[in-house]
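Peer 1: Chain residues, written in single-letter form:
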Amino acid sequence: MSDDELIWRIAGGSGDGIDSTSQNFAKALMRSGLDVFTHRHYPSRIRGGHTYVEIRAADHEVQSRGDGYNFLLALGDSFARNPSEDAYYGNEELKPLSENLDDLREGGVIVYDEGLISEEDVEELNLEERAEENGWHVYPMDLRGLAKEHGREVMRNTAGVGVTAALLDMDLEHIEDLMSDAMGGDVLESNLEILHEAYEIVEEEYEFEHDLRAPEGSHETEQALLSGSNAIAYGAIDAGCRFISGYPMTPWTDVFTILSQNFPDMGGVSEQVEDEIAAAALAVGASHAGVKAMSGSSGGGFALMSEPLGLAEMTETPLVLVEAMRAGPSTGMPTKPEQGDLEHVLYTSQGDSQRVVFAPGTIEEAYEQTRLAFDIAWDYQIPVILIYDQKLSGENKNVDVEFFDREPSPDLGSTLTEEELREAAHDNSGKFKRFDYENAEDGVAPRSLPGQQNGRYLATGNEHSPVGHISEDPDNRVYQMDRRLEKLESIREELDEERESTQTYFGDEEADYGIITWGSSQGAVEEAVGRLNEQGHSVKGIGVSDMMPFPEAEMTEFLESVDEAIVVEMNATAQFRGLVQKELGRFGEKMTSLLKYNGNPFEPAEIVEGFEVNIADEDREPTAQVRIEPAAGD
Amino acid sequence: MSAFNAIGDERETDRDEYTPGVEPQPTWCPGCGDFSVLKSLKQALPEVGRNPEEVLTVTGIGCSGKLNSYLDTYGFHTIHGRALPVARAAKLANPDLEVIAAGGDGDGYGIGGNHFIHSARENHDITYIVFNNEIFGLTKGQTSPTSPKGHKSKTQPSGSAKTPIRPLSQSLTAGASYVARTAAVNPNQAKEIIAEAIEHDGFAHVDFLTQCPTWNKDARQYVPYVDVQDSDDYDFDVTDREEAAEMMRETENVLNEGTVLTGRYYVDEDRPSYTEEKRAVGEMPDEPLAERYFDDDAEWERSYDLLDRHK
Numbered sequence: 001m002s003d004d005e006l007i008w009r010i011a012g013g014s015g016d017g018i019d020s021t022s023q024n025f026a027k028a029l030m031r032s033g034l035d036v037f038t039h040r041h042y043p044s045r046i047r048g049g050h051t052y053v054e055i056r057a058a059d060h061e062v063q064s065r066g067d068g069y070n071f072l073l074a075l076g077d078s079f080a081r082n083p084s085e086d087a088y089y090g091n092e093e094l095k096p097l098s099e100n101l102d103d104l105r106e107g108g109v110i111v112y113d114e115g116l117i118s119e120e121d122v123e124e125l126n127l128e129e130r131a132e133e134n135g136w137h138v139y140p141m142d143l144r145g146l147a148k149e150h151g152r153e154v155m156r157n158t159a160g161v162g163v164t165a166a167l168l169d170m171d172l173e174h175i176e177d178l179m180s181d182a183m184g185g186d187v188l189e190s191n192l193e194i195l196h197e198a199y200e201i202v203e204e205e206y207e208f209e210h211d212l213r214a215p216e217g218s219h220e221t222e223q224a225l226l227s228g229s230n231a232i233a234y235g236a237i238d239a240g241c242r243f244i245s246g247y248p249m250t251p252w253t254d255v256f257t258i259l260s261q262n263f264p265d266m267g268g269v270s271e272q273v274e275d276e277i278a279a280a281a282l283a284v285g286a287s288h289a290g291v292k293a294m295s296g297s298s299g300g301g302f303a304l305m306s307e308p309l310g311l312a313e314m315t316e317t318p319l320v321l322v323e324a325m326r327a328g329p330s331t332g333m334p335t336k337p338e339q340g341d342l343e344h345v346l347y348t349s350q351g352d353s354q355r356v357v358f359a360p361g362t363i364e365e366a367y368e369q370t371r372l373a374f375d376i377a378w379d380y381q382i383p384v385i386l387i388y389d390q391k392l393s394g395e396n397k398n399v400d401v402e403f404f405d406r407e408p409s410p411d412l413g414s415t416l417t418e419e420e421l422r423e424a425a426h427d428n429s430g431k432f433k434r435f436d437y438e439n440a441e442d443g444v445a446p447r448s449l450p451g452q453q454n455g456r457y458l459a460t461g462n463e464h465s466p467v468g469h470i471s472e473d474p475d476n477r478v479y480q481m482d483r484r485l486e487k488l489e490s491i492r493e494e495l496d497e498e499r500e501s502t503q504t505y506f507g508d509e510e511a512d513y514g515i516i517t518w519g520s521s522q523g524a525v526e527e528a529v530g531r532l533n534e535q536g537h538s539v540k541g542i543g544v545s546d547m548m549p550f551p552e553a554e555m556t557e558f559l560e561s562v563d564e565a566i567v568v569e570m571n572a573t574a575q576f577r578g579l580v581q582k583e584l585g586r587f588g589e590k591m592t593s594l595l596k597y598n599g600n601p602f603e604p605a606e607i608v609e610g611f612e613v614n615i616a617d618e619d620r621e622p623t624a625q626v627r628i629e630p631a632a633g634d
Numbered sequence: 001m002s003a004f005n006a007i008g009d010e011r012e013t014d015r016d017e018y019t020p021g022v023e024p025q026p027t028w029c030p031g032c033g034d035f036s037v038l039k040s041l042k043q044a045l046p047e048v049g050r051n052p053e054e055v056l057t058v059t060g061i062g063c064s065g066k067l068n069s070y071l072d073t074y075g076f077h078t079i080h081g082r083a084l085p086v087a088r089a090a091k092l093a094n095p096d097l098e099v100i101a102a103g104g105d106g107d108g109y110g111i112g113g114n115h116f117i118h119s120a121r122e123n124h125d126i127t128y129i130v131f132n133n134e135i136f137g138l139t140k141g142q143t144s145p146t147s148p149k150g151h152k153s154k155t156q157p158s159g160s161a162k163t164p165i166r167p168l169s170q171s172l173t174a175g176a177s178y179v180a181r182t183a184a185v186n187p188n189q190a191k192e193i194i195a196e197a198i199e200h201d202g203f204a205h206v207d208f209l210t211q212c213p214t215w216n217k218d219a220r221q222y223v224p225y226v227d228v229q230d231s232d233d234y235d236f237d238v239t240d241r242e243e244a245a246e247m248m249r250e251t252e253n254v255l256n257e258g259t260v261l262t263g264r265y266y267v268d269e270d271r272p273s274y275t276e277e278k279r280a281v282g283e284m285p286d287e288p289l290a291e292r293y294f295d296d297d298a299e300w301e302r303s304y305d306l307l308d309r310h311k
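Residue numbers (my numbering), protein chains in the order written: chain A, 1 to 634; chain B, 1 to 311.
Derived by calculation from the structure, the hints in this document are not laboratory data. Model, not experiment: these values are computed from the prediction. The beta carbon of each residue, even a glycine, is placed where N, CA and C say it ideally should be. Where hints are given, some of them may not hold.
Stretch by stretch, here's where chain A covers chain B in the computed footprint (C-beta under 8 Å, at least three residues) [what the hints assert, rightly or not]:
1) 1-15
2) 92-106
3) 289-301
Construct all of the structure, not just a fragment, from the sequences and the given hints.
Peer 2: Encoded structure:
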């Protein structure tokens, strides 16, 4: 836990403008020279329900949410359905205050809207007593009244930001600039008035008892604040993807929306269609006809894509799908993160899987691996799936603008031109031998596109002969199957030998203990490894991105080099640990799982604690919200 | 310069060009109506001036799905019920392609019913031929969505309790801009209707009655048939939605009573195709998207230029 950081939590109801307010405040902190990282918690509702966004800001890089937080802005839920504690969902009006107290660090600051949250309610919370116990500093203010006086009630966000800035001794300059960018006319004027009024009231009328101030920092290069969904969408744009088809589903919708909004200006096509079966089938059709296409969904929608996915495998149609996991099974918890779809994505669809799966761990990796996904898909004519989750999808982080300054790669990979098709192998009726195993390199059988001269062939989900005719000939079957599977080996070789590893390592190479994770839990593990080493433990970590083909060599080396390892993942059945054991056939006795599946991502402290209890053998029970799955044989 | 030179190549073609030189032995039974669909396509395509490599034939699963094994164009034999979404996207990716989708009644009106409704609704400029034999053939004779009520099969041993789907009415309601029914036993009409459907700019749906001599022996062979345009007994305007709807209903009502009505039912030349609609709202490029990937001078937009909104 670091003292020089601000973790600001803004809480209210869905529809209270929590998201946009936090986005702007995060940008203001970024512009002031700080590194920022956001974490979003929201219910599956349009209006009301407890929601918050946390912004962690520090003068050094932040890759994860922190442990708890130190500043609460509780706006009250203006869409609360039943402001009574007897109600099924409790007193929702009070929740932005009551629900957030447990995670507030000692010495933390609380600002709440006394225009919405009544004095009696606050008394019932025993806020005064708890504040005394925990050293909290409480500053009530009538944000609603202030907003109404100068503008409209909904502007109480702005009042809250003004109070925050004053209490943290922040300059208003960046906040004002961002407001001016986002609005104009009377709305801007009212908001600026509210901002200043709130700031001045605090300065003039409030006595500061707290020590917390906004950290100071500076950036050497220009920064941009973006989410994992932005990064995936931007990676797709730079890879030359210009076709997306989808059906709305949280949290995948973010990527779909970003591309749908950008494609019209880029000559691209977005199709919102009747269901996810159609969505995936459209992407297959567009790709077949020569466009770099993608589709995606979250768990339930991805289930519907199983069959088109298999069709893409069998017809060797390049395709990129994204799967944004949320807590399952079935509808599960639609707005909560989980890493429970790994096995679903690896093995869904009938027959032997012939696909590539990447799990990016950070926003930068999300961009890089999306581009990699398109490269591999079009070079090898194979579906590539990016698996991520609600956490990576929605979290925002500052990234160096120059990171994105690179050339686009719209190349269609192993697709032939008409000139090349003239020289290619044909049968005696002139049909192109697309699936010719004799001329395939690395298992890849280059393709033609409909409309090209000398390229006609039949693509079919049935097993097929070199020109595509349905064939159940045993020799041909084995040749075709082996050729398709050879592509996976070729990809594994390319990933191992020709490209920079997509796995991320942290800590000392010589360390005795390992922490293994995959996908979006990487940031929390990285921070935990850092802390454990500061405490004197000998620990290193790995964040794995290659799910299929599995990075056998790297994982073997890592596991051989440590005495024991913890596998950290957000699911209840240790799916990734199972994959490691399946792929490597050993190390089961070395790996203990640390599992979390309560709907919230790991905090670094939970991982530190998991290590202390399980590897350093401290004699205590771990946090109730985290489960330990002992190593094989234990 | 185009990367797709088969498209718009206006050379003369004939039906032999559409016949694979190494023709796979058709898996269709002797006397199957499916042969007639194949034949009418082989006649219609040269007649409307298309060459095999500018045509993409997309099929579903079933006996009908084998169509592109025996029709030598570009082909995509997809999965059960999903020919339409694959076909639609190919058309969006390269609108200059001639895209023909085909499947059976189970494929199109059953498992793919949702896609049928939405493809018609959106009026994609593709031809959709449904081989309607009122039975599941390839899986050996189960009741299908168009099987008559009371139809006995292995899966409905006491006779189907369901009334059959109304494919023509459904198509019209959903938004198809060309709706016709023809029958395998009426080859001249079939060829003409298929040619018109290909030429039509919009979703052209042809319900093609294809008798199944093996698994639907109870059904008539769709003879005698009546062409509603030629018969003095029927008089309606194919451009009038209400009159078309009434004629379709009548046609669907009498089919299982032994009267086989065929012909054009609805033709709307004014409704813009989906590509036109999408271009009108600015969400579709004027040039075929597929061409851009072969254009060395194309300037590809970069995410780097989108970052201002994130700063």
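Peer 1: For every hint, state whether the structure bears it out.
Peer 2: Hints, verified against the model:
1. 1-15: holds (count 6)
2. 92-106: holds (count 5)
3. 289-301: As far as the region 289-301 of chain B goes, the hint holds, because 8 residues have Cβ atoms under 8 Å from chain A.
Comparing the model with each numbered hint stated earlier shows that all of them hold.
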